[in-house]
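Chemist: Grab the two chains, each in its own frame, and use the hints to assemble them into the complex.
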Amino acid sequence: DAGVIQSPRHEVTEMGQEVTLRCKLISGHNSLFWYRQTMMRGLELLIYFNNNVPIDDSGMPEDRFSAKMPNASFSTLKIQPSEPRDSAVYFCASSLHPYGYTFGSGTRLTVV
Amino acid sequence: GIQVEQSPPDLILQEGANSTLRCNFSDSVNNLQWFHQNPWGQLINLFYIPSGTKQNGRLSATTVATERYSLLYISSSQTTDSGVYFCAVGRTNDMRFGAGTRLTVKP
Numbered sequence: 001d002a003g004v005i006q007s008p009r010h011e012v013t014e015m016g017q018e019v020t021l022r023c024k025l026i027s028g029h030n031s032l033f034w035y036r037q038t039m040m041r042g043l044e045l046l047i048y049f050n051n052n053v054p055i056d057d058s059g060m061p062e063d064r065f066s067a068k069m070p071n072a073s074f075s076t077l078k079i080q081p082s083e084p085r086d087s088a089v090y091f092c093a094s095s096l097h098p099y100g101y102t103f104g105s106g107t108r109l110t111v112v
Numbered sequence: 001g002i003q004v005e006q007s008p009p010d011l012i013l014q015e016g017a018n019s020t021l022r023c024n025f026s027d028s029v030n031n032l033q034w035f036h037q038n039p040w041g042q043l044i045n046l047f048y049i050p051s052g053t054k055q056n057g058r059l060s061a062t063t064v065a066t067e068r069y070s071l072l073y074i075s076s077s078q079t080t081d082s083g084v085y086f087c088a089v090g091r092t093n094d095m096r097f098g099a100g101t102r103l104t105v106k107p
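Chains as they are written, first to last, in my numbering: chain S, 1 to 112; chain W, 1 to 107.
Bound-form chain W, shown alone (with noise of 0.2 Å):
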C-alpha cells in the first residue's frame, strides 16, 4: 500500500512564529488532505488538496503530486493551533494516514 510520511514528527514553536510541515507519498494519489486533531481528539478537517494550493485564512497548503508531497503552512501561529497535523492519502476513495506531526505552541 501507499507510505506516508509526515515530518518533523514534533514542533515546538513560540506563539506568532510560521512553520511548514511536510507529507510525502509513495505512489501517485488521487486524495490527499491535511486533518488537525485538536487536544480534545476531535479530527478536523483543514483541506481537501489532491493537486494545486489552497488558502484559509492563516492556513495554506500546497501539494505537488507529481513529486508526491504535500506541505501545510502554518503562519502567525497561536497557542489554539496546537495537536497533531496528520496527512492522508489515497488512490481511491479511502485514504491512508500519516503518523501526524505533533504541534506545540507557547504563549
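Just chain S, with the same shape it has in the complex (with noise of 0.2 Å):
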C-alpha cells in the first residue's frame, strides 16, 4: 500500500484566495483524520470522520474552513477566503480502529 496520500506537498497562496488540499486514505481505513501542526500551538486535531460521516468538527477554527469526505478513500480540507494566520503543516491521518493512525507526509501552506 502507498500509505496515506496528501497534496500538494507544499502551497503558496495570496491572502483572500480559495485553498485546497487533499488527502487519499490507505484502502480499508474507514476513519480520517485532519490535524494542524504549528509551533505555538502544536498539533491540533481540526475535523474527524467515521465511515465518510463528520463525528466532530469542534477543532475547526471558523467558518472559513470546511471539510469532505466525498467517498471512502478520499477527503478536502478547503480555506476560502486564506489568511496569513492559517499558515501551517497540514496532515491528515487514515485508520482502521483499534490500529492505530498513519499519517501522510504533510502539506505545508503558506498564506501571504
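To be clear, the hints were calculated from the coordinates, so they are not data collected in a lab. Everything numeric in this text was worked out from a predicted model, so none of it was measured. Ideal Cβ positions, reconstructed from N, Cα and C, are used throughout, including at glycine. Check before you lean on any hint, since a few could be wrong.
[What the hints assert, rightly or not] Heads up, incomplete: computed chain W residues facing chain S, CB under 10 Å, no partners named:
#: 1; residue: Leu32
#: 2; residue: Gln37
#: 3; residue: Gly41
#: 4; residue: Gly100
[What the hints assert, rightly or not] Example chain S residues on the side facing chain W (calculated, C-beta under 8 Å, incomplete):
#: 5; residue: Phe33
#: 6; residue: Val89
#: 7; residue: Tyr101
#: 8; residue: Thr102
#: 9; residue: Gly106
#: 10; residue: Thr110
[What the hints assert, rightly or not] Across the chosen pairs, the derived CB separations fall in these ranges:
#: 11; chain 1: W; residue 1: Pro107; chain 2: S; residue 2: Glu14; range: 22 to 30 Å
#: 12; chain 1: S; residue 1: Val112; chain 2: W; residue 2: Ser26; range: 33 to 41 Å
#: 13; chain 1: S; residue 1: Arg41; chain 2: W; residue 2: Asn56; range: 26 to 34 Å
Modeler: Given below as C-alpha cells:
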C-alpha cells in the first residue's frame, strides 16, 4: 500500500485566495483525521470522519474552513478565504480502529 | 478534554546512551500512540499501545492505563533517533497530542 497520500506537498497562496488540500486514505481504513501543526499550538485536531461521516468538527477554527469526504478513500480540506494566520503544516491521517493512525507527509501551507 | 503532558520537553544525549520519555494523561483512555517526527517533518508511528508493553528493536513502550501514564524507552540511541517524540491519547477514535519531547542525539 502507498500509505496516506497528501497533495500538494507545498502551497503558497495570497491572502484571500481559496486553498484546497487533498488526502487519499489507505485502502480499507474507515476513519480520517485532519490535523494542523504550528509552533505555537502544536498538533491540533481539526475534524475527523468515521465511514465518510463527520463526527467531530469542533476543532475547525472558523467558518472559512470546511472538509468533505465524498467517498471512502478521499477527503478535502478547503480554506476560503485564506489568511496569513492559516499558515501551518496540515496533516491527514487514516486508521482502521483499533490499530492506530498512519499519517500522510503533510502539506506546508504559506499564505502571504 | 483530556490533557496530555510529556516530559522532558527537551533531551540531549550522546550516541549510545539510553533514555526514557514520559507521557501523563488526565483521564482514562482507550487509545494511545507514540510517534516520532523526524527532521523532515514526517510523523512515523512507533507504537499503538493503550495498555501493556511492546518492543520493537531498540525501542519499547509501556502504558499503565490505571495510573494514566506511558513510557517510551530508547536504548543505545543513534543520531537518527533525533527529532520530536509525540504521545497521542483519546477515549474514542480521535486522539489529542502532547507537546512532544525534542530529542537530540550527538555523535
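Chemist: Hints first: check each against the structure and report whether it holds.
Modeler: Do the hints match the structure? See the list:
The interface hint given for W:Leu32 holds, since its Cβ lies 9 Å from the closest Cβ of chain S, which is under the 10 Å cut-off. Against a cut-off of 10 Å between C-beta atoms, the interface hint on W:Gln37 holds, since the closest Cβ of chain S lies about 9 Å away. Nearest Cβ of chain S to the Cβ of W:Gly41: about 6 Å, under the 10 Å cut. The hint holds. Taking 10 Å as the C-beta cut-off, the interface hint given for W:Gly100 holds, the closest approach to chain S being about 7 Å.
The closest approach between the C-beta of S:Phe33 and any C-beta of chain W is roughly 6 Å, which is under the 8 Å cut-off, so the hint is satisfied. A cut of 8 Å between beta carbons decides the hint on S:Val89: the least distance to chain W is about 6 Å, and the hint holds. Because the smallest distance between the Cβ of S:Tyr101 and any Cβ of chain W comes to about 6 Å, under 8 Å, the interface hint for this residue holds. With a least beta-carbon distance of about 6 Å to chain W, the hint placing S:Thr102 at the interface is held under the 8 Å criterion.
For S:Gly106, the suggested interface contact is upheld, since its CB lies about 6 Å from the closest CB of chain W, less than 8 Å. Hint status for S:Thr110 relative to chain W: violated, with the closest Cβ pair at about 14 Å, above 8 Å. Against the hinted window of 22 to 30 Å, the Cβ-Cβ separation of W:Pro107 and S:Glu14 comes to about 43 Å, which falls outside the hint. Restraint check, S:Val112 to W:Ser26: a C-beta distance of roughly 39 Å satisfies the suggested window 33 to 41 Å.
At about 30 Å, the beta-carbon gap between S:Arg41 and W:Asn56 stays in the expected band of 26 to 34 Å.
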